[in-house]
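Those protein sequences? They're chains Z and E, same order as listed. Just so we're aligned, residue 0 is where the first sequence starts under numbering that gives the first Met the number 0, counting upward by one. Just so we're aligned, residue 0 is where the second sequence starts under numbering that gives the first Met the number 0, counting upward by one.
Calculated from the structure, these hints are not laboratory results.
Dumping the calculated DSS-like pairs for lysine-lysine here, alpha-carbon to alpha-carbon at most 27 Å: (1) Z:291 x E:56; (2) Z:165 x Z:517; (3) Z:431 x Z:532; (4) Z:532 x Z:517; (5) Z:36 x Z:171; (6) Z:165 x Z:38; (7) Z:431 x Z:498; (8) E:22 x E:56; (9) Z:249 x E:22; (10) Z:498 x E:22; (11) Z:50 x Z:36; (12) E:22 x Z:431.
Residues per chain are reported as follows:
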Amino acid sequence: MNAPGKPPGGGRAPVYAIVGNPNCGKSTLFNALTGLKQKVGNYPGVTVEKKVGIAYSQHGQPLTVIDLPGTYSLAARSPDEAVTRDVLLGRRTDTPQPDRILCIVDATNLERNLYLVHQILDLGRPVILVLNMMDLAVRGGLDVRVARLEHALGIPVISCEAVNNKGLIELKLAMSRPDLPLSRHAWDVPAAIAPAVAELQASLAANEGKSPLIARAEALLLLTDQDSVRVAGSTPLNPRTAEILRIWQKRWAEQGMDWAGILVGSRYDAIGVLAADAVRAGAPTGRTASDKIDSVVTHPVWGWLVLIAVMTLIFLSIFTLAEYPMDWIGVQVAALANWVKGVMPPGDLRDLITDGAIAGVGTIVTFLPQILILFFFIGLLENTGYMARAAFIMDRLMSRVGLNGKSFIPLLSSYACAIPGIMATRTIEDPKDRLTTILVAPLMSCSARLPVYLLMIAALVPGDRVPLATKVGLMLLMYGLGTGGAFGFAWLFKRTLLKGAPPLMIMELPPYRLPRLKDVVLHMIERAGLFLKRAGTVILGISIVLWFLTAYPKGPGGVSAIDHSFAGQAGHAIEPLIKPIGFDWRIGIGLISSFAAREVFVSSTAVVFSVQNFDADHANADITPLRTALRNAHWPDGRPLFTPLVCLSLMIYYVFAMQCMSTIAVVRRETNGWKWPIFQTLYMTGTAWVLSFIVYQAGRGFGF
Amino acid sequence: MAAELKLSELAVGASAVVRGYPKAGDAFLRLREMGVLPGTTVTLVRTAPLGDPLEIKVRGYHLTLRRSEAAHVIVEAANPGP
Chain Z
0 MNAPGKPPGG GRAPVYAIVG NPNCGKSTLF NALTGLKQKV GNYPGVTVEK KVGIAYSQHG
60 QPLTVIDLPG TYSLAARSPD EAVTRDVLLG RRTDTPQPDR ILCIVDATNL ERNLYLVHQI
120 LDLGRPVILV LNMMDLAVRG GLDVRVARLE HALGIPVISC EAVNNKGLIE LKLAMSRPDL
180 PLSRHAWDVP AAIAPAVAEL QASLAANEGK SPLIARAEAL LLLTDQDSVR VAGSTPLNPR
240 TAEILRIWQK RWAEQGMDWA GILVGSRYDA IGVLAADAVR AGAPTGRTAS DKIDSVVTHP
300 VWGWLVLIAV MTLIFLSIFT LAEYPMDWIG VQVAALANWV KGVMPPGDLR DLITDGAIAG
360 VGTIVTFLPQ ILILFFFIGL LENTGYMARA AFIMDRLMSR VGLNGKSFIP LLSSYACAIP
420 GIMATRTIED PKDRLTTILV APLMSCSARL PVYLLMIAAL VPGDRVPLAT KVGLMLLMYG
480 LGTGGAFGFA WLFKRTLLKG APPLMIMELP PYRLPRLKDV VLHMIERAGL FLKRAGTVIL
540 GISIVLWFLT AYPKGPGGVS AIDHSFAGQA GHAIEPLIKP IGFDWRIGIG LISSFAAREV
600 FVSSTAVVFS VQNFDADHAN ADITPLRTAL RNAHWPDGRP LFTPLVCLSL MIYYVFAMQC
660 MSTIAVVRRE TNGWKWPIFQ TLYMTGTAWV LSFIVYQAGR GFGF
Chain E
0 MAAELKLSEL AVGASAVVRG YPKAGDAFLR LREMGVLPGT TVTLVRTAPL GDPLEIKVRG
60 YHLTLRRSEA AHVIVEAANP GP
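Just chain Z, with the same shape it has in the complex (with noise of 0.2 Å):
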């Protein structure tokens, strides 16, 4: 064992932790320390970021640092505060416990985030408190005189602004000394819990083999525990603490004492003295800039306008500027097969690398421009402190289907891309929304459905031209039955499968900041990272089996081989499946291959019924042909095939049907696993099959 000011023996640079409340220029101090120096992963077993660094000491040495994800307090109440909780306290297998901790605290709340400092200093490792955004504190007119909380906490305290990148040097020079002290913050358990606090920490300490502090650390805070949020990897507790536990919370119940209350008491009365002795407020500076931005911005009317207005605007920029760079990584993608097509000679081979691995390669890539604008717009709502505003002014709404406020971003998202609005669940802290937000966003009618709406309209409508009424009024419509639909099952699962306490809408409102380029460009280009990293295997790995499924056995001839391959042998096989809501083998096979993506159904109808020259990989293409080729579609027995009620019902079918495999890898990695990704597949297209039928069956009762 070391002794707990000095650094880690055998060479080994000691590893730190950054710890801090959100909002309060954590990932900035973290980004600034590091640079690019970083490694973003995940702990093994559930959903949460693990971010780690290399920072330099001034002596050149080189430091790990480990951003732990921002929480109030070490009482987890999501599996994010749980994994800080837990590797503070040395209960993960997969991180090492940190050898010293930079605590981050906004200077212009301290109170509030010297709660988290609080039970930090228990834990008995060498604490560095970092007063960040000390330039905004001197400016509301606050006074922290530094010198004074050192030297009552007796722990390096240094002031920072990280935005500005002040502070660092002085901050690298205390993270550099050999040693570090110990706080001498003197701190009593209150008397009326010292004797459980005392049981519980012999437990900790002779049946789990905790050290003193560490197991006193422990026993606070399994006080305040209430739910003992435990996620994987995490090491349980002993079932001899936890008795002991119990058997205090019963007799404690009994006696109608408010332990966690007399806990939290405490420590913000020794809280109040420390601030009272470090804080001058000067004289008050009325209403802030914040104040003023937010009388507009949550404002009963304007606060709507700016609301729509933001919305308006992200998505009028994913909608033009994604479709320039996705256009030319389509030409790209398609120049490098043809590339490989001059080079190769022709054969099962050429095919594997240009039909199966380049296609598949193309589709993950394509995804990339929508999830780098939206997650550059989410980056930016975040770091501005829009965002909370957002989930302050729709939590109303959302409340009626059992979510809060945070779920509409990521709901609304999905209008674009599910994916991106998945990746952004991470937000949500309660597991169940989260899970119920992922469960439901996929129902929102992507933009990857609108070419397959759009053609469904054309062979729908008789006459060339569609009137813009009807492709209006068609378009709302599965918009509107997608929304429907998706808080119609929200509300569902978060009352049957899902169901939990309420979920809490206490959040901080943080001020108002100027965002930070470097911070929103990393976090987006993090967010595509993960995408590559984690969805793109699966979705290069199903695409290869579509090709080959699609591709083979070989017909003869070769030509409109889709017919003899194994995708054309399924559109046979699901016939009877298919048939009750109208569609016969061939849009089977359709349904199959779009199984890559969505808008893929146009381009495989066009194969499969013999459209020829049909582009459909340009944006613009004109569907006239392939509309007269649906229209001439017809039944073995003659009846044409795309009556204007099969149209309907193949619209509703994608509506609802998981028909996106990407959507299907992301959801994978974000629920860490296979269940929830095939019970969503099952559901969704379970509904569609039953809207579908509905539809189909009523529609022909009546006569169309």
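The hints should help you fit chain E onto chain Z, whose structure is shown.
Chain E in isolation, oriented as in the chain Z frame:
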């Protein structure tokens, strides 16, 4: 002695001191940890455009909570300031 009322009944712009507090429940432990404790002064800043949730100012920062939680917090209206 000022009258006691529920936090959810406080007028917009009014300040009050927290008095009564439920012992059990995740929401109230979280509120405590966020610094809303018996004896703490809170100000109701505004309600969301649809009337819920509420925005309060406590210990110099802004916090939201739903009416359903605020209805369990008993406060004592502070003397109206000058």
